[in-house]
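Trainee: Place chain S on chain Z using the hints.
Number of protein chains: 2
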Amino acid sequence: MNCINTIGSYSFLAEPFHCDFMGKLLMSHLGNHLLNAADFHAHEGGFGMSVLQPMHKSWVLSRLAIEMTEIPLAYDKFKVETWIESVVRYFSNRNYAIVGSNGKVYGYGRSIWAMIDTDTRQPVDIFSVTGNQKKAYITTEKLCPMEQVSRVKILNTAQRLKTICTAYSDVDMNGHINSVKYIEHILNLWNIDFYAHHTIKRLDIAYVAEAHGGDLLHFDVACRDELVYMVRVVKQIENHEQETEVCRCEIHFVKY
Amino acid sequence: MNCINTIGSYSFLAEPFHCDFMGKLLMSHLGNHLLNAADFHAHEGGFGMSVLQPMHKSWVLSRLAIEMTEIPLAYDKFKVETWIESVVRYFSNRNYAIVGSNGKVYGYGRSIWAMIDTDTRQPVDIFSVTGNQKKAYITTEKLCPMEQVSRVKILNTAQRLKTICTAYSDVDMNGHINSVKYIEHILNLWNIDFYAHHTIKRLDIAYVAEAHGGDLLHFDVACRDELVYMVRVVKQIENHEQETEVCRCEIHFVKY
Numbered sequence: 008m009n010c011i012n013t014i015g016s017y018s019f020l021a022e023p024f025h026c027d028f029m030g031k032l033l034m035s036h037l038g039n040h041l042l043n044a045a046d047f048h049a050h051e052g053g054f055g056m057s058v059l060q061p062m063h064k065s066w067v068l069s070r071l072a073i074e075m076t077e078i079p080l081a082y083d084k085f086k087v088e089t090w091i092e093s094v095v096r097y098f099s100n101r102n103y104a105i106v107g108s109n110g111k112v113y114g115y116g117r118s119i120w121a122m123i124d125t126d127t128r129q130p131v132d133i134f135s136v137t138g139n140q141k142k143a144y145i146t147t148e149k150l151c152p153m154e155q156v157s158r159v160k161i162l163n164t165a166q167r168l169k170t171i172c173t174a175y176s177d178v179d180m181n182g183h184i185n186s187v188k189y190i191e192h193i194l195n196l197w198n199i200d201f202y203a204h205h206t207i208k209r210l211d212i213a214y215v216a217e218a219h220g221g222d223l224l225h226f227d228v229a230c231r232d233e234l235v236y237m238v239r240v241v242k243q244i245e246n247h248e249q250e251t252e253v254c255r256c257e258i259h260f261v262k263y
Numbered sequence: 008m009n010c011i012n013t014i015g016s017y018s019f020l021a022e023p024f025h026c027d028f029m030g031k032l033l034m035s036h037l038g039n040h041l042l043n044a045a046d047f048h049a050h051e052g053g054f055g056m057s058v059l060q061p062m063h064k065s066w067v068l069s070r071l072a073i074e075m076t077e078i079p080l081a082y083d084k085f086k087v088e089t090w091i092e093s094v095v096r097y098f099s100n101r102n103y104a105i106v107g108s109n110g111k112v113y114g115y116g117r118s119i120w121a122m123i124d125t126d127t128r129q130p131v132d133i134f135s136v137t138g139n140q141k142k143a144y145i146t147t148e149k150l151c152p153m154e155q156v157s158r159v160k161i162l163n164t165a166q167r168l169k170t171i172c173t174a175y176s177d178v179d180m181n182g183h184i185n186s187v188k189y190i191e192h193i194l195n196l197w198n199i200d201f202y203a204h205h206t207i208k209r210l211d212i213a214y215v216a217e218a219h220g221g222d223l224l225h226f227d228v229a230c231r232d233e234l235v236y237m238v239r240v241v242k243q244i245e246n247h248e249q250e251t252e253v254c255r256c257e258i259h260f261v262k263y
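Protein sequence lines, in the order shown, are assigned to chains Z and S.
Residue numbers for the first sequence follow the working numbering, beginning at 8 and rising by one.
Residue numbers for the second sequence follow the working numbering, beginning at 8 and rising by one.
Bound-form chain Z, shown alone (with noise of 0.2 Å):
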């Protein structure tokens, strides 16, 4: 018999030092583990990263929404479920469930993931490489209950905040900006004083392009009301003066 999970699931801790001043799993570190929990229901599936590099292929994060009723408290004990909703040519669409240790539910995710070749960093029909394994892995049987990734759209009314020369721990294996570190990034343009009254709704946040160790990232942040803010994350490349985009983040949040 062949066993297949469709549904993965995988526990983590809110470890104490990956927790902010009120004692809240720091959004960053969730959007880890929900990229581990992908990680590993890939790599059971048999189309893992391991499998993939020598093929020359690879998986890349294209956007990434988690919406959340409540944050795990540092010592919480939860599980990270996640599922592949559907696959269309070159992305996948992979869900999340946040599960605490007696079922309730702390909040869900989304995730768009790409298939690329590595050699020409070009789009990879998913299929052709993964074959019907793929397949047998999507699944409809349990609902993702948020609304759809947004594109995130920048106001022109964006506003320069704050510029940062990304350094040693910022770049991942793959020698790119990490995509976990965007996200503390910009969680930081927010001062302790904001964060002791407000709390995180749902960041979603759309990866556009790779950014290297010792590029500058500009931060651009517009204001669509008093809790909801856009961010647009800009590249320069140190002594060139073309800037591009590299990613964009749209933030709700809640007041306390």
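Bear in mind the hints are in silico, worked out from the structure with no lab data behind them.
Note that the structure is a prediction, hence the values are computed from the model and not measured.
It is possible that part of the hints are untrue.
[Unchecked claim] The following label-pair restraints were derived from C-beta to C-beta distances:
1. H259(Z) / A143(S): 48 to 56 Å
2. N12(S) / A143(Z): 20 to 28 Å
3. T76(Z) / T125(S): 26 to 34 Å
[As the list claims (entries may be wrong)] Not the full set, but computed from the structure, chain S residues with beta-carbon under 7 Å of chain Z:
4. F24
5. G30
6. N39
7. L80
8. A81
9. C172
10. Y175
11. S176
12. M180
13. G182
14. G220
In this text, a Cβ means the ideal position worked out from N, Cα and C, and glycines have one as well.
Mentor: Positioned in the frame of chain Z, the structure of chain S alone reads:
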């Protein structure tokens, strides 16, 4: 029968987004794993933070040293073994071994923890709080074959190389700059090119005072030789002139 695990052992994975561009686990994340192992083991022994907090007591990390012969690579599974070597009034000496799945030892760690009264911020006699429970956990059965934690003397040739303003993600549950984040910021003083040819052999860090979110951190660096560096981290509260040393670190690199 009362069974005491004088040597705690906890499993970790070198997660892909915790690895650098060479696919090696970042030392800041390894440090986090050691601190987690210490926390879990103290909790098992009945002298963890959950017991201390209601008594208005807390463990405070005073020093940490890590010495590696090999650094775990992405997806490596490893265990952190931890045990208490000795307790001297205000200070507990806790050691670590980082052990691969096949028994290979990646490296060792040493740490010194102080117990403080969270109301007065003064040190507390450890046994007066934990009693014999903690004594039963002291073991000399396992050796930690690395030199004692260094006091880290800063050479007076130190030069200010960088200043950062601490942000939301730098602050831990106690409202202080996160011990792990100091390591991350310090290791960011060297660029990608440097890490392409150098790896960390040993890191000693001494935590001297606490800094808070919004504080400026200055990084003063001295070089003993081309492979040994000392870093003094100095805080400055915004719009104040006074500078206070918050931690100091000594790093030994090896060349590839």
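Trainee: Run every hint past the structure and note whether it holds.
Mentor: Hints, one by one, checked against the model:
no.: 1; hint: H259(Z) / A143(S): 48 to 56 Å; result: 51 Å, holds
no.: 2; hint: N12(S) / A143(Z): 20 to 28 Å; result: 43 Å, violated
no.: 3; hint: T76(Z) / T125(S): 26 to 34 Å; result: 32 Å, holds
no.: 4; hint: F24; result: 5 Å, holds
no.: 5; hint: G30; result: 5 Å, holds
no.: 6; hint: N39; result: 5 Å, holds
no.: 7; hint: L80; result: 9 Å, violated
no.: 8; hint: A81; result: 6 Å, holds
no.: 9; hint: C172; result: 10 Å, violated
no.: 10; hint: Y175; result: 5 Å, holds
no.: 11; hint: S176; result: 5 Å, holds
no.: 12; hint: M180; result: 5 Å, holds
no.: 13; hint: G182; result: 5 Å, holds
no.: 14; hint: G220; result: 4 Å, holds
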